[in-house]
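Protein chains: 2
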Amino acid sequence: MIDPGTILERLRSGDRRLLARILSAVEDGDPELPRLAAALAPATGHAYVIGLTGPPGVGKSSVTTELIGALRDRGDRVGVLAVDPSSPFSGGALLGDRVRMQRHALDPDVFIRSMASRGHLGGLSAAAPQALRAYDAAGYDTVLVETVGVGQSEVEVAEIADVCLVLLAPGMGDGVQAAKAGVLEIGDIFVVNKADRDGAQAVTRELRSMIALAEPGPDDWKPPIVRTVATSGAGTAELLGELDRFRAEAERTGRWSGHRLRRAAAEVSALALATLRGRLGRPGDDGSDRLSELAASVRDGRLDPYAAADKLLAARK
Amino acid sequence: MIDPGTILERLRSGDRRLLARILSAVEDGDPELPRLAAALAPATGHAYVIGLTGPPGVGKSSVTTELIGALRDRGDRVGVLAVDPSSPFSGGALLGDRVRMQRHALDPDVFIRSMASRGHLGGLSAAAPQALRAYDAAGYDTVLVETVGVGQSEVEVAEIADVCLVLLAPGMGDGVQAAKAGVLEIGDIFVVNKADRDGAQAVTRELRSMIALAEPGPDDWKPPIVRTVATSGAGTAELLGELDRFRAEAERTGRWSGHRLRRAAAEVSALALATLRGRLGRPGDDGSDRLSELAASVRDGRLDPYAAADKLLAARK
Chain A
1190 MIDPGTILER
1200 LRSGDRRLLA
1210 RILSAVEDGD
1220 PELPRLAAAL
1230 APATGHAYVI
1240 GLTGPPGVGK
1250 SSVTTELIGA
1260 LRDRGDRVGV
1270 LAVDPSSPFS
1280 GGALLGDRVR
1290 MQRHALDPDV
1300 FIRSMASRGH
1310 LGGLSAAAPQ
1320 ALRAYDAAGY
1330 DTVLVETVGV
1340 GQSEVEVAEI
1350 ADVCLVLLAP
1360 GMGDGVQAAK
1370 AGVLEIGDIF
1380 VVNKADRDGA
1390 QAVTRELRSM
1400 IALAEPGPDD
1410 WKPPIVRTVA
1420 TSGAGTAELL
1430 GELDRFRAEA
1440 ERTGRWSGHR
1450 LRRAAAEVSA
1460 LALATLRGRL
1470 GRPGDDGSDR
1480 LSELAASVRD
1490 GRLDPYAAAD
1500 KLLAARK
Chain B
1190 MIDPGTILER
1200 LRSGDRRLLA
1210 RILSAVEDGD
1220 PELPRLAAAL
1230 APATGHAYVI
1240 GLTGPPGVGK
1250 SSVTTELIGA
1260 LRDRGDRVGV
1270 LAVDPSSPFS
1280 GGALLGDRVR
1290 MQRHALDPDV
1300 FIRSMASRGH
1310 LGGLSAAAPQ
1320 ALRAYDAAGY
1330 DTVLVETVGV
1340 GQSEVEVAEI
1350 ADVCLVLLAP
1360 GMGDGVQAAK
1370 AGVLEIGDIF
1380 VVNKADRDGA
1390 QAVTRELRSM
1400 IALAEPGPDD
1410 WKPPIVRTVA
1420 TSGAGTAELL
1430 GELDRFRAEA
1440 ERTGRWSGHR
1450 LRRAAAEVSA
1460 LALATLRGRL
1470 GRPGDDGSDR
1480 LSELAASVRD
1490 GRLDPYAAAD
1500 KLLAARK
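Top to bottom, those sequences are chains A and B. Quick note, the first sequence lines up with residues 1190 to 1506 if you use my numbering. Quick note, the second sequence lines up with residues 1190 to 1506 if you use my numbering.
Isolated chain A (complex conformation):
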C-alpha cells in the first residue's frame, strides 16, 4: 500500500524506491492506481517528454546516454522510460540497452526504468502517460521515452511525447525508403547517428529531400536533421539545441498546449474504453453467457460478426 496523502512530499524529497513502486503499480495495473493518480495530478505538467524511436541497431540507447549526459551537465534531473512493446521477439533488446546506460545509474538525479504494459487497463497508451506523470511529479525536468522501433510502438511514442526524435543510421539496408511514409509523420527532429560511417551523407540527403517534399505542418515547423556520433558525443550539443528550439517554437505557436490536450484526451478515452471493454465481458467457461452464445453462432456460420456485435451491444444497454 502506498499512502496517497504523503506521496507528493516523499517523491519531491527524492524517494526513489517510492517512484519505483509507483511505476510497478502502473506496470501491473494495480487497482490503487486511480487514487495514486489523483494524488499525483496537481504536481504534473512540468516535465519535457522526449520520445526516441528508430529501427533496431540504430544506436537509440547510445544517443539516449549522450543526451542524459548533456542534460545533466546543465543541471536537469533526467528520467528515462524504456517502453517494451511486449513482443516475445524483442524482449532481449531493452535489457541490453539498460546495461549500456549504467554509467548514469549511480547519479541520484537520473532515474532509468523499462516498462512493459501487459497488465495495464487500456494498454501502453494509458500506462505510459501514468508513468510519465509519476516522473513529472517526482520533479524530473526531462523524461526520455525510448522504444524499440518495431510494431506500432513508434507511432505510440509520438502520441505520448512532447517531441519525437526519429533516429536513422547508415548501413541499415533500405531502412530510409521503407520507413519513409510513417516516419515523416511522426518525426519532429531527425537524427542521423553513426554519422562518421560510410553512407551517412546519403541517408542525410535522402531524408532532406523527403522532408522538402512533405507537406509542412500547420505551424510551419520544418523538422531539422542532426548528425551525431553517439560513441564520441559529436552532435549531442546541437541535438539539445534543437530540442530547446522545438519547445520554444511549440509554446509560441500554441502547438505545445494543443498537443498536450490531445494526449490527455487519448488517455482519458483509453481508460474509458477499458472500462467499457470490461463491461462487454469475456466468454465464460460453460458457454451460457451472451458473448459465448453469439460467438458460437459466428463460429458456426449462423451469424456474421457485425450482427453479433450489434446484438451484444443491445444486450448491454
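Take these hints with a grain of salt, some might be off.
[What the hints assert, rightly or not] Simulated coverage check for chain A against chain B, where a stretch passes if three residues somewhere in it have a Cβ under 8 Å from a Cβ of chain B: (1) 1213-1227; (2) 1412-1419; (3) 1437-1445; (4) 1466-1473; (5) 1481-1488.
I should point out that these hints are in silico values taken from the structure, not numbers from a laboratory. Glycine is no exception: its CB is placed at the ideal position from the N, C-alpha and C atoms.
Since the structure of chain A is provided, determine the placement of chain B on it from the hints.
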C-alpha cells in the same frame, strides 16, 4: 459496390477479382462490410488457418513458399495472407516477401495477398478474421497467415489462426533466449529453418529443453520441433505431417472448436468495442465538447485521468 446476393456464387466459381475487391474492402474498413460479412457467413468454417511467425530473417516466406508447394501437390487450394502490422519501419519487408512467392502467382488455386489494417474498425484483430472468412468462403482449403515477427503481431496471429508455427533459425544472435517466454506460449509447432547451417543443433536442443520445462497444455499437446531447409525443401513433408496431426488431435480433444469459439468471441468484442469507441467521440476543434473539457482539466493537473474517464462515461449514459 459488391452485390451481396451473388457474392458466394461468384467466389465459388473462382472470381479472383471479386475476392481481391472484398479484401480491399476489409483493409479499408468499407461501410459495406457488415452486408458482405452477412452474405459470406453461411459459407465459412472450413478453411484450416495456419499462422506463421518468427523474427525477421528467419525465412518465413521461404517456408511459406515450400508449404504452398506441398499443399498444392495434394490438391489443396491455398490462400496466403501476409499481415502488415502497419509499422513505418517494417513496411518494406513484406513487399520483398511477396516477390519471393511469385513462383506460385500464376497458379489459379493459389491466392496471395498482403494486408495492412489501418482503416479497419477494430484494428487487425477484427480485420484479419474478416479477410480469412473471405478466403474461406471462396473455397480455399488452407490459408497461411504470415506476419513479420515484430511488435505484437505474433501474438495476434496466434489468436487468429487454428495453429501457430513459430520459426527460428541458427545465427539469429540470442534470439531463442530473447524469445523464450512469449514464444513458448504461442507456438503449437516449432520450425528450425536453415537446419543445414552451423548452430541448428544448438537451437533445436535449446528449444527442446524449453519445451520440456514448460507446463503442458490442458490437452497434452506437446509442440514438436521440425527442422527444415526451405531452400531445398527438406523437412517440408514432415512439417505438413505435423500440421495434419495437430488438426486431428485438436478435433479429437475439442480444442479445435473451443479455440474457434474464443476467436469468434474476440472478433465480436473487437467490433462492439469499436462501436463504443466511436460513441466516446474525439476531441473537437473548438474545445467545447465534453472530452476536450475533461482533457484540458487533466492536462492542467486539475483532474486525474481515471476520474476524467469516469465522468466521460457518466456523461454518455
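>> Tell me the hint numbers this structure goes against, listed in increasing order.
In response: Of the numbered hints, 2 and 3 do not hold.
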